[in-house]
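A.B. asks: Chain by chain, the residues run as shown.
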Amino acid sequence: MNKELEHSFVELLEKHQNIIHKVCRLYTNNYDAHNDLFQEITIQLWKAYPKFRGDAKFSTWMYRVGLNTAITLYRKSKRSINTQDFEGVEFKIKAEDYDDTEEQQLKVLYKAVHQLNDIEKALVFLYLEDKDYREISETMGISEVNARVKMNRIKTKLRTILNP
Amino acid sequence: MDELDLLKKDWNKGDNKFPKLSYNEIYKMILKKSSSIVKWIFIISLLEFALWTFISFFLKDTESMKRFDQYDADAVFIPLMIIGYIILAYFFYLFFKNYKTISATDNAKVLMENILKTRKTVKQYVAFNLIYLVISTIVVLFLEFDRDQQVIDQVNQAAANGEAFKFYAGIIIATILLLVVAIGVLLLFYWLVYGILLKRLNRNYKELKKLEV
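Chains as they are written, first to last, in my numbering: chain R, 1 to 164; chain G, 1001 to 1213.
Only true hints are included.
Chain G stretches covered by chain R per the calculated footprint, using a threshold of three residues with CB under 8 Å from any CB of chain R: (1) 1002-1013; (2) 1033-1044; (3) 1098-1108; (4) 1201-1210.
By construction, these hints were calculated from the structure, which means they are not laboratory data. Since the model is a prediction, treat every value here as computed from it, not as a measurement. Heads up, the beta-carbon is just placed ideally off N, CA and C, and yes, glycines get one too.
Could you build the full structure based on these sequences and the hints that come with them?
C.D. replies: In structure tokens form, the structure reads like this:
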């Protein structure tokens, strides 16, 4: 592969790496698994990069490859079992943002989201990233109406998990 | 406020919670090898093609195969062999064509469908081989009864003792049992390998399909 392509890719990825981190955050629950998935998404993005055309936004393109890797391509490694859990280990919360009740609520919410299935997580991810239903439907390959219906069902499901 | 909206608020301000990877760290990542399921399906499929080709080459040199040379049955064996190779080439072509269409930039559903299609091609190839195995066995069995002097002598002897039916039935049942065991072991192996590999994909594909109803 030519050096120029490598350079432009790594530079773009460095800038947009949070998108991958966010995908990993939803689909994994420990540090090793996070890194593993991050690695695989990066490889898949790099493999697909020669076909990336500027007409799509780099970030939009990343959503697709990232989610496809998390949902379909990635094989969970054995390492991810029995390792330390994320909670409070990796993500430090800045002191000024700290709000006890809200923080507690968020913790429970993240836990609830982790209980959703892979497809539901993908929809939640795109929703949290502020994508409209057209983009959600295009990324998942389902109709807009179905994306909307599913999203409502997910909200109900989350509510049930939170208030059993 | 909606639960998800609360989450959204936190989600978007959380950008600095993640470890920031440097240019060099990312560069090192792109040099590593993928371990995606597509790669595994590709490797296992190639092994399957290799296995069946190996079996057919291996069988050619065995003692019993050499015995068939005496049957003067080239008219049967050669077409059977040619058909086998043509079909192998056809499946090989299909497999690579399908494999090439797998792209991580397709939408989630199309990607899953393309992977399942590749898998299906190999499945059909295996099914073809199993059917081919059964047909070959029947042909060989028929030829043995018809042309193998040793077998014919045994049949005649059995017939003289009034046990011709028992003799035929014994051989046929033994052959069927052997085939069933061989096919059973192979199917169990495929079921295990692909069952493990594609469990998650199948589950997710079903979930997406469910949305369409």
